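Student: Letter by letter, the chains look like this.
Number of protein chains: 2
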Amino acid sequence: MSNLPARLSELIGKPVHDIDTPALVIDMDALKRNLVRMADFAKKHHVRWRPHAKLHKSTVLAKMQIKAGAAGVCVQKTAEAEVMVAGGIYNVYISNQVIAPAKLARVAALTQAVASHSGGQIAIAVDSREGVNRLAKAMTEARTGARSSAATVIDVFVEIDVGQGRCGVQPGEPAVRLALEIRKHPALRFAGLQAYQGKAQHLRSAIERRMAAANATKAVELTCQLLKAHGIAPGLVTGAGTGSFALEAASGVYGELQAGSFMFMDVDYAQNERDPAQPQFEHALFLKTQVISTHASHAVCDAGHKSHAIDSGMPKVHAFDNLSGLDYFNGGDEHGILRPVDGGSTRLPALGQLLWLIPGHCDPTVNLHDVMIGVSGGLRNGTVDRIIRVDARGAMT
Amino acid sequence: MSNLPARLSELIGKPVHDIDTPALVIDMDALKRNLVRMADFAKKHHVRWRPHAKLHKSTVLAKMQIKAGAAGVCVQKTAEAEVMVAGGIYNVYISNQVIAPAKLARVAALTQAVASHSGGQIAIAVDSREGVNRLAKAMTEARTGARSSAATVIDVFVEIDVGQGRCGVQPGEPAVRLALEIRKHPALRFAGLQAYQGKAQHLRSAIERRMAAANATKAVELTCQLLKAHGIAPGLVTGAGTGSFALEAASGVYGELQAGSFMFMDVDYAQNERDPAQPQFEHALFLKTQVISTHASHAVCDAGHKSHAIDSGMPKVHAFDNLSGLDYFNGGDEHGILRPVDGGSTRLPALGQLLWLIPGHCDPTVNLHDVMIGVSGGLRNGTVDRIIRVDARGAMT
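Taken in order, these protein sequences are the chains called A and B. Counting along the first sequence from 1, when you hit position 26 you're at 26 in full-length UniProt numbering, and nothing is skipped either side. Counting along the second sequence from 1, when you hit position 184 you're at 184 in full-length UniProt numbering, and nothing is skipped either side.
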């Protein structure tokens, strides 16, 4: 809520050791290597890449991604889109349903706001006729109220459910009906299909992910054929996450990848058996923590689930300074409990010992923090490079 | 990070219906009734009450609690204490271990900052000799640097482990040794025992909680006897949470209750079989959400685990507007999935339908939000009363 505390800005140029705990720290060298791997992959496979900013919620990192070759960013929330646009990111896709008229008015205002910028374009997903009509109404009202005479258009993707069982109409006819509905409205442009298979991302075996991605691809193909049969160009097919994007890239139907988590890599994604088609990424996001209490059977650190998300399981203790034999157990909102793996004989860390945790799930972990501290030169001997604001932290409407 | 968006301040005086989703909403009438119940209980049982501000992280609510009779507030983090003091709360107890010298310097600075205020006093917990010595060093350095000649003293509680298995020395001799250590330092005052049985709070049956509290009380009694045998006045015994505080109040050894969650009441605490000794509290904290996608088998709302914490399980759909037959399932960071309870025949909510969720666990839920929206006159027909900042949101160091 407030400005950066002075002690944060004073950190720049200081050794990693000086970072107070708990703190979210980015290994900037690893992050940059991950970015290059993804940019190279997208280039080589001739596929657009519009990473999900729901991961980092940071305009600085969004700009770094765009500089590396990204077409823009995806977000899940209108408020996230507002933060991105205010920060100078003008190609923003809200890959989610927005239904509240007050929010749709904000979406429409964003389409006006980006129109004057080169390449500026807002896009949104829909999965209901009601959603299309409400969006059209908001766009028409915004056009009427706009000072400029430019008739702005929003890109609209029809979301189809390709196996996640959450949002999205069924592939085939229902998608065609929505595309036809979109085409009735001059302020809406049917832009293609949103086809994200969220469940496929976390299937542990590579073959299972291949099966799930193949099913999704089949559903997309059939829907595209049906669109063509109705005389509608299918447009862009967008989707894919860090667990599966090489498969969508090779599918021949997907034209855009939304993968974002590869940049940080969390414990969850690292547990996937690697698909040979996919580049290997490094962990780049860490939670620095410190031991504040020691006991015969365990040690307690100052990072609980108010500093990292546990929806995908506990963080892993980074193998560093001979601390590879420790497991992290939940100690509540503000505490973590460290014990030797499998009750083994690893020596427990001493009072004051610094530790690095690899978050179980990056996206909601980042959302707990006001800033991420970028470090260059590695976690051991590096220095603080920059303080990166999580600009869209808590932007949930 | 930024100031309140204009659309939030404009909400004051508006009907509940106008609150955009997802949003954390306080039923202020229910909250005030909960506060009165607790204040009456503490008065009747002649026990001090210093509620944990880790729940609400709000100086406004802390002041409301103090006005209702609370002695001050507890916090878990130095940064939370700083926010409280900056907001005008001068009796603050950091009921946790602080080990980093840089943080202890901040703690010492706080003791100086509150010294000029009537009743101003900082307290802290310790569970190691090293912790005592580091604290003493920081206090001495702060005294040397202080402009005033007043020799400020910090209240120090020895934390004993009464069954939680997290922080705290063992009851008995180890606690006495630490008390003796504290008494060596003129800037530290041995204030008593921190004896919080965290696990007892969530034991579902009342008899199990009574057993756990009885064990904790026995450990406290024996430690107090031993302290007296060493010629040390045991001071204040502080502890207790919303699940057990009536038992500590009746124990004859606890002098201060730290319970905080009763003010909001979450799904977790509501699952406890009520102990007849304890007042009954109402749910006062809700997450307003909206249906953004509908399907034959389920509906999807706009609240995922970036808007409420799931460490203690899923939120409950508030029985309201005939929506009592719905279960909430996790739909990821930004989505919730609603299905009829037990696959029953409850009609699924329509697109745009507003719903109220009761969070599984209040403390980390509040920590996800910049503000809580206070409503008077009930969730159905009430109006927005005030916007309450979560001042210490993300204050984790």
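A portion of the hints provided could be inaccurate.
Pairs involving identical chains hold if they fit within one copy or between any two copies, as the list cannot separate such chains.
Unchecked claim - Quick list of in silico lysine-lysine cross-link-like pairs, DSSO-like style, CA-CA up to 30 Å:
1. K199 to K184
2. K199 to K137
3. K14 to K44
4. K199 to K316
5. K44 to K137
6. K43 to K199
Since the hints were derived computationally from the structure, they do not count as laboratory data. No experiment lies behind these values; they were computed from the predicted model shown.
Student: If a hint holds in the structure, say so; if it does not, say that too.
Tutor: Evaluated hints:
no.: 1; hint: K199 to K184; verdict: neither (33 Å within a copy, 60 Å between copies)
no.: 2; hint: K199 to K137; verdict: neither (34 Å within a copy, 53 Å between copies)
no.: 3; hint: K14 to K44; verdict: neither (39 Å within a copy, 54 Å between copies)
no.: 4; hint: K199 to K316; verdict: both (23 Å within a copy, 24 Å between copies)
no.: 5; hint: K44 to K137; verdict: neither (41 Å within a copy, 60 Å between copies)
no.: 6; hint: K43 to K199; verdict: within (26 Å within a copy, 54 Å between copies)
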